[in-house]
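Q: Now for the letters of each chain:
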Amino acid sequence: MHELAITQSILDISLQAAAEKHASHIREIRLRMGPFSGVVPECVQMYLDVLAKGTPAEGAKIKVTTVPLKVLCRDCGREGEIDRTHIACPYCGSLRLKRLSGKEFMVESLEVDE
Amino acid sequence: MEIKVLHQVMEWNEDVSAEVRRTLKDHKVCLINVMGSPGAGKTSLITALIARLREEFSIGVIEGDITGQIDAEKIAALKIPAVQLNTDGACHIEAMSIQHILPDFDLDSLDVLFVENIGNLVCPAEFDIGENLRITVLSIPEGDDKVAKYPLMFTDTSCLVLNKCDMLPYFDFDVSRAAADYKGVNPEGPLFQVSSRTGDGVDALADHLAGKIREALAADA
Chain A
1 MHELAITQSI
11 LDISLQAAAE
21 KHASHIREIR
31 LRMGPFSGVV
41 PECVQMYLDV
51 LAKGTPAEGA
61 KIKVTTVPLK
71 VLCRDCGREG
81 EIDRTHIACP
91 YCGSLRLKRL
101 SGKEFMVESL
111 EVDE
Chain B
115 MEIKVLHQVM
125 EWNEDVSAEV
135 RRTLKDHKVC
145 LINVMGSPGA
155 GKTSLITALI
165 ARLREEFSIG
175 VIEGDITGQI
185 DAEKIAALKI
195 PAVQLNTDGA
205 CHIEAMSIQH
215 ILPDFDLDSL
225 DVLFVENIGN
235 LVCPAEFDIG
245 ENLRITVLSI
255 PEGDDKVAKY
265 PLMFTDTSCL
275 VLNKCDMLPY
285 FDFDVSRAAA
295 DYKGVNPEGP
305 LFQVSSRTGD
315 GVDALADHLA
325 GKIREALAAD
335 A
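Line order of the protein sequences matches chains A and B. Under this note's numbering, the first residue of the first sequence carries the number 1, and numbering increases by one thereafter. Under this note's numbering, the first residue of the second sequence carries the number 115, and numbering increases by one thereafter.
Same shape as in the complex, but just chain A (with noise of 0.2 Å):
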């Protein structure tokens, strides 16, 4: 859901870090989201096509990275992996769980034209 925003929010990160580094276009924006992020890619390119035009970011295409579910037992004390339908450590099937990461969603890089 809202993409719309999101997409323009991150073509105003975007924009800024280019315009930080003096590039000249961006070709690729690089995301990091967890499955907990609640967010449609495709939905975010769509958007993306529409708002960039006319600025460096014109023709981008979007690139995910899907980060893990990651949980910290309190228990154990070992770090897992786990599915966001069942919430248990995957070791020692304690319920004690600490997230780590699942709900992240950031641009982490770009690629672009000098």
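There may be inaccurate statements among the hints.
[Claimed, not checked] Part of the chain A face toward chain B, derived, beta carbon under 8 Å:
{"hint": "1", "residue": "Val-40"}
{"hint": "2", "residue": "Leu-100"}
{"hint": "3", "residue": "Ser-101"}
{"hint": "4", "residue": "Glu-114"}
[Said to hold, decoys possible] Residues of chain A clear of chain B, computed beta-carbon distances all greater than 12 Å:
{"hint": "5", "residue": "Ala-52"}
{"hint": "6", "residue": "Leu-72"}
{"hint": "7", "residue": "Leu-110"}
Bear in mind the hints are in silico, worked out from the structure with no lab data behind them. Since the structure is predicted, the reported quantities are computational estimates derived from the model, not experimental observations. We treat Cβ as the ideally placed atom computed from N, Cα and C, and that holds for glycine.
For chain A, the structure is supplied; the task is to place chain B on it using the hints.
A: For chain B alone, kept in the frame of chain A given last:
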């Protein structure tokens, strides 16, 4: 050429929620975000809880709706300070709106501020509004598959309230299924079965919340 950016996209929302949390902490107010579908019974539940909590706590309510004053008028009729927050089409409340509306309350005289979020099982769960507690309301007529279908709403919550339990004889709602799905996504979250209409179960929920509110207010001290 590659440029490293590492910039949080939702940062603007996170930032303001931290400010809201700080303001409320300074004034010793516990913010409770009430979420659920349209028609789940959020306003009725808040009304039932006010009746049981108002003796111990001074309460205010922010009524979120896309448009109209209906809910704020219902709460104001109880002689409880209520402010209507109209989102003009937006499907959720953001921390920024809460920040703008806080000056409408005399925060020093309040202990608890309920926020009735926009009726929606998806978007409100994605936005931190600076709350101390989240209550997710699911009513029996909505069906027992909603936890499985909208997991985030049930994962990131402090408790699940099954409302309209007086309707259980008339619907094929399997409480054990909803409870099992809820345990899967929120292993330590408590579940309450209530009916705001008959009052069944509301005392147990109010007692639980009173404990959490006292904890929050003590932590603020």
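Q: Would the hint on Val-40/A stand, with a C-beta cut-off of 8 Å toward chain B?
A: violated (12 Å)
Q: Closer than 8 Å between Cβ atoms is the bar; does Leu-100/A clear it against chain B? Give me holds or violated.
A: Not OK, violated: Leu-100/A not within 8 Å of chain B, min 15 Å.
Q: For Leu-72/A, is the shortest beta carbon distance to chain B beyond 12 Å?
A: About 15 Å separates Leu-72/A from the closest Cβ of chain B, which puts it past 12 Å; holds.
Q: For the hint on Glu-114/A, just tell me whether its beta-carbon gets within less than 8 Å of chain B.
A: holds (6 Å)
Q: Just checking, Ala-52/A versus chain B, shortest CB gap more than 12 Å?
A: Holds, since 16 Å exceeds 12 Å.
Q: When you look at the beta carbon of Leu-110/A, is every beta carbon of chain B farther off than 12 Å?
A: At roughly 4 Å from the nearest Cβ of chain B, Leu-110/A sits no farther out than 12 Å, so the non-interface label is violated.
Q: For the restraint on Ser-101/A, tell me whether the closest CB of chain B is nearer than 8 Å.
A: Status violated, d = 13 Å.
Comparing the model with each earlier hint shows violations of hints 1, 2, 3 and 7; every other hint is respected.
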